[in-house]
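Chain order of the listed sequences is D and X. Heads up, the first sequence is in the working numbering, so the first residue is 54 and it goes up one at a time. Heads up, the second sequence is in the working numbering, so the first residue is 326 and it goes up one at a time.
Quick caveat, the hints were computed from the structure, so don't treat them as lab data. Each residue gets a CB set at the ideal place from its N, CA and C atoms; glycine is no exception. Treat each hint with caution, since some may be false.
[As the list claims (entries may be wrong)] In silico DSBU-like cross-links for lysine-lysine, where the CA-CA straight-line distance does not exceed 30 Å: (1) K109/D / K95/D; (2) K95/D / K404/X; (3) K109/D / K120/D; (4) K405/X / K95/D.
[Stated by the list, open to error] Partial chain X-side listing against chain D, Cβ under 7 Å, derived: (5) S345; (6) G368; (7) D424.
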Amino acid sequence: QKEVEQNSGPLSVPEGAIASLNCTYSDRGSQSFFWYRQYSGKSPELIMSIYSNGDKEDGRFTAQLNKASQYVSLLIRDSQPSDSATYLCAVNLPEPSGGSYIPTFGRGTSLIVHP
Amino acid sequence: SQTIHQWPATLVQPVGSPLSLECTVEGTSNPNLYWYRQAAGRGLQLLFYSVGIGQISSEVPQNLSASRPQDRQFILSSKKLLLSDSGFYLCAWRIRGEDTQYFGPGTRLTVL
Numbered sequence: 054q055k056e057v058e059q060n061s062g063p064l065s066v067p068e069g070a071i072a073s074l075n076c077t078y079s080d081r082g083s084q085s086f087f088w089y090r091q092y093s094g095k096s097p098e099l100i101m102s103i104y105s106n107g108d109k110e111d112g113r114f115t116a117q118l119n120k121a122s123q124y125v126s127l128l129i130r131d132s133q134p135s136d137s138a139t140y141l142c143a144v145n146l147p148e149p150s151g152g153s154y155i156p157t158f159g160r161g162t163s164l165i166v167h168p
Numbered sequence: 326s327q328t329i330h331q332w333p334a335t336l337v338q339p340v341g342s343p344l345s346l347e348c349t350v351e352g353t354s355n356p357n358l359y360w361y362r363q364a365a366g367r368g369l370q371l372l373f374y375s376v377g378i379g380q381i382s383s384e385v386p387q388n389l390s391a392s393r394p395q396d397r398q399f400i401l402s403s404k405k406l407l408l409s410d411s412g413f414y415l416c417a418w419r420i421r422g423e424d425t426q427y428f429g430p431g432t433r434l435t436v437l
């Protein structure tokens with residue numbers, strides 16, 4: 054079973070702190086990794102994508118990828134109450150028949166940023 | 326720019342009734358299209374995906390079906406809804422050859 058695992062949380066951090074969200078995946082053939090944010094009652098929106106080992110920064114967000122250890126993480130610096138949402142990790146897994154990818158999502162981590 | 330539409334936004338249906346949810350994409354051709362379901366407190370479950378007109382792959386066998394009658398139209402159907410079909414249904418698309426997937430606004434279905 055090809056899986057993407059996340060701690061469901063909730064992860065509670067004070068305003069201004071760094072929030073660290075983690076995700077592990079089982080298929081070493083995975084090449085593309087994504088973080089989505091989903092507010093309650095809304096559809097997921099893309100925050101970041103990462104394809105290479107190391108860090109990728111975009112504003113207050115940093116995605117980290119370690120393919121050897123099969124984990125991807127998201128750091129949110131200077132967390133704000135508006136960051137309170139569920140964060141979904143997604144991995145493009147190779148389709149069994151080849152030629153395409155199947156997006157596979159973790160269950161998401163609930164983040165609460167309190168003032 | 327590309328946009329994706331889903332309707333209806335909310336739907337309340339009795340058990341045993343039929344279902345038809347529609348998704349259309351604008352601003353791109355030949356996209357990959359996906360239907361997901363998100364039950365309360367649970368993750369995204371991929372139901373169907375399509376790489377072209379008339380081409381449907383099913384990930385989870387159940388009482389739902391999907392069709393792609395036109396390049397940018399994806400339809401999710403059921404002949405008889407079950408209570409367990411309640412959830413948030415999301416259509417998503419991806420440009421062929423690219424990796425990133427984008428979601429529509431979703432349809433919240435309640436089966437009573």
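Each hint, compared with the structure:
no., hint, verdict
1, K109/D / K95/D, "holds (26 Å)"
2, K95/D / K404/X, "holds (27 Å)"
3, K109/D / K120/D, "holds (14 Å)"
4, K405/X / K95/D, "holds (26 Å)"
5, S345, "violated (20 Å)"
6, G368, "holds (4 Å)"
7, D424, "holds (4 Å)"
Checked against the numbered hints above, the structure breaks only hint 5 and satisfies the rest.
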